[in-house]
Amino acid sequence: MEIAIVLGLLAFAVIVFSTEKISVDIVTLLILIVLVLTKILTPKEAFEGFGSDFILMLGSIFVISAALQYNGIIDLMGSKLVKTNTTNIPLLITIIMLASGILSAFMNNTTIAAIFLPPIVSVARQLKISPSKLLMPMAFAALLGGTCTLIGTSTNVAGSAYMTKVGLQPMEMFELLPLGAILFIIGIIYMATIGKWWLPDHKDKDLTDEYDIRKYLSEVVVTDSSPLVGQNVFRSDLSALNVRVIKIIREGQQIFPDRNTLFYASDMVIVEGNKDNLSHISRTSGLDVLGISIDDKDLQSDDVKLAEIVVMPQSGLVNSTLIDAEFRKKYNLSVLAIHRKNYSITENIGQTELHIGDVLLAQGKQESIDSLKKGLDLVMIDALDSVNKTKIRKGWLTLSFFVTAIILSSIKDIIPTLSFISIPASVGFLMAAVLTVLTGCLEGEKAYNAIDWRLLVLIGGMTAFGVAMKNTGADKFLAEQVVYYLQPFGTMTILFGFMVLTVLLTQPMSNAAAAMVVLPIAIETAKSLHLNERTFAIAVIVAASISMITPFEPACILVYGPGRYKIADFLKIGGLLTFVLLLVMLFIIPRMWGL
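Every letter in the sequence shown is one number past the one before it in the numbering used here, and letter 76, counting from 1, is 76.
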């Protein structure tokens with residue numbers, strides 16, 4: 001009965017994770033509550049994962065990464081990238097992948113994708129190259145770079161924590177480096193040769209065309225007899241019709257309305273609304289509709305600009321609407337359209353629930369747009385900050401704390417004679433994070449906001465789920481099924497089967513969650529066959545990080561909208577690369593760790 005409950009909860013998790021209707025952290029907590037109520041787990045077993053040193057280490061790395069991003073260390077590399085003047089696409093792909101991949105070996109890959117997104121788009125537009133030629137390679141490199149070190153991805157950290165829990169030695173800081181480096185180099189060669197031919201080539205358009213809002217814009221003149229005269233723009237008859245006022249031209253002066261703006265007679269007004277409402281306007285007394293074509297320049301002025309903004313995973317806007325989040329009040333910007341996956345949303349924007357990776361077409365004063373660069377939850381496309389000398393000094397200080405933590409936590413593995421100065425990785429990175437805040441490199445509030453709490457809850461909860469599988473024997477039951485069906489085909493087939501299963505599960509689930517589901521089964525299978533449990537564990541953990549079949553991994557989601565990709569692009573380009581890397585892993589892992 002207990003096995004049935006655990007397997008039922010597993011099926012529930014896969015289904016709910018794939019629908020994204022409920023936040024992953026809430027789903028994880030619901031599963032833990034059921035496991036405790038059914039006495040499959042004790043309260044201590046259910047929640048001790050949240051207090052593990054690995055969770056502390058992950059949180060610390062989020063803080064350090066945020067400080068490096070906030071203080072402009074990575075912007076330095078971005079500024080160098082912008083100066084690139086070659087139009088040789090294979091060379092550009094190689095440079096971008098090397099830069100993003102090496103950094104992602106030590107930082108969260110989503111952060112790397114967010115940092116590199118603006119300079120890459122800027123470079124592409126300067127060189128008149130489609131950003132879609134460069135963004136996917138960057139995202140893939142961010143994923144592959146994370147396979148090189150223990151801290152390169154949360155999946156590695158979570159997997160190492162589970163290995164410790166079942167009696168295996170935790171992963172060393174650079175244990176994965178030989179394997180990860182090979183996979184990374186193969187990824188670069190693939191994208192610079194085969195991949196470059198399949199990458200789409202989307203030419204730049206006006207933003208009004210790109211977001212398909214031109215047909216939802218109209219230009220009207222307020223006549224002397226119009227009831228709009230004297231009405232507040234945001235509480236007017238037009239507002240009641242769900243028609244938004246984008247700009248007013250009054251006596252040759254361009255006015256972008258705020259909460260105090262009133263309509264005057266003879267105002268020429270650019271409005272946005274659905275076709276029915278715009279049609280109603282054309283029949284309204286006191287308004288003359290003009291048949292003038294509207295493009296980007298009509299929506300901008302010297303002081304007011306259009307900007308494309310990407311919603312980050314840690315943003316408070318995720319799963320919220322613009323109205324609920326009071327976006328206009330908080331950021332002093334108007335959102336004209338939302339680009340999501342392969343389509344643009346131009347109606348009922350305020351009531352649309354926002355998702356990770358959504359691209360917002362926003363309009364507002366330059367100072368309001370510039371203020372977005374100071375935050376970590378929204379990223380502007382094609383916008384680079386000049387490096388602030390005061391901030392960059394704090395950036396170098398943060399980097400020194402980070403490098404020191406890496407050295408002190410890994411020196412015993414590199415130079416055993418200096419093991420006396422070695423400290424646990426969790427302590428080293430916590431120390432670096434605390435010093436980052438104490439020295440003013442990152443404010444305390446920003447430090448807490450930088451932590452992806454949903455991911456920490458997911459990892460802590462799924463670690464406990466692995467314990468539940470072990471307590472009930474569900475891992476043994478599933479291992480027996482795997483052995484029964486695959487053993488006739490040989491040990492290597494079983495190992496490959498677990499890698500493929502992990503890759504497939506990363507589609508509906510996060511990479512870390514997929515690894516935590518498969519790990520108990522893989523380790524138990526290896527034990528039952530008297531094989532090397534560590535080899536199976538490493539294979540599952542790395543397989544979770546090389547899944548590029550679809551754009552649902554956060555680093556890929558961030559480039560999906562700006563690159564105007566389709567799911568078919570990832571299936572074709574990322575699918576073949578993933579299969580090639582799985583074959584390479586099948587050849588290398590048993591030889592490195594022994595079967």
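Treat the hints with care, since some could be wrong.
Unchecked claim - Listed below are the simulated DSS-like cross-link pairs for lysine-lysine, each with C-alpha atoms no more than 30 Å apart in a straight line: (1) 476 / 330; (2) 39 / 470; (3) 329 / 165; (4) 165 / 196; (5) 341 / 365; (6) 566 / 341; (7) 476 / 165; (8) 21 / 527; (9) 476 / 527; (10) 330 / 44; (11) 566 / 305; (12) 44 / 470; (13) 247 / 330.
It is worth saying that the hints were derived from the structure and are not from the lab.
The structure presented is a predicted model; accordingly, all values stated were derived computationally and were not measured.
Requested in this report: For the pair we were handed, residue 341 and residue 365, check the Cα-Cα distance against 30 Å.
Outcome: 27 Å, holds
Query raised in the report: Between residue 566 and residue 341, does the CA-CA distance stay at or below 30 Å?
Result: 7 Å, holds
Report task. Quickly compare the C-alpha distance for residue 247 and residue 330 to 30 Å and report which way the hint goes. Result -> Holds, at roughly 20 Å.
Query raised in the report: Are the Cα atoms of residue 44 and residue 470 separated by 30 Å or less?
Result: This hinted pair holds, its Cα atoms lying about 15 Å apart.
Query raised in the report: Is the straight-line distance between the alpha-carbon of residue 21 and that of residue 527 30 Å or less?
Result: Violated, at about 37 Å.
Query - Proposed proximity, residue 330 with residue 476 (alpha carbon, max 30 Å) - result: Status violated; Cα separation ~53 Å.
Requested in this report: Below or equal to 30 Å on CA atoms is what counts here, so check residue 476 against residue 165.
Outcome: With Cα atoms ~17 Å apart, residue 476 and residue 165 stay inside 30 Å; holds.
**Report entry** residue 329 paired with residue 165 [C-alpha distance capped at 30 Å]
**Finding:** With Cα atoms ~48 Å apart, residue 329 and residue 165 exceed 30 Å; violated.
Query - Holds or violated: residue 165 to residue 196, with C-alpha atoms at most 30 Å apart - result: 43 Å, violated
Query raised in the report: Between residue 330 and residue 44, does the CA-CA distance stay at or below 30 Å?
Result: Status violated; Cα separation ~41 Å.
Requested in this report: Assess, step by step, whether the Cα of residue 566 is no farther than 30 Å from the Cα of residue 305, and give holds or violated.
Outcome: Holds, at roughly 28 Å.
Query raised in the report: Does the alpha-carbon distance linking residue 39 and residue 470 stay inside the 30 Å limit?
Result: The hint holds at about 14 Å.
When the structure is compared with the earlier hints, violations turn up for hints 1, 3, 4, 8, 10 and for no others.
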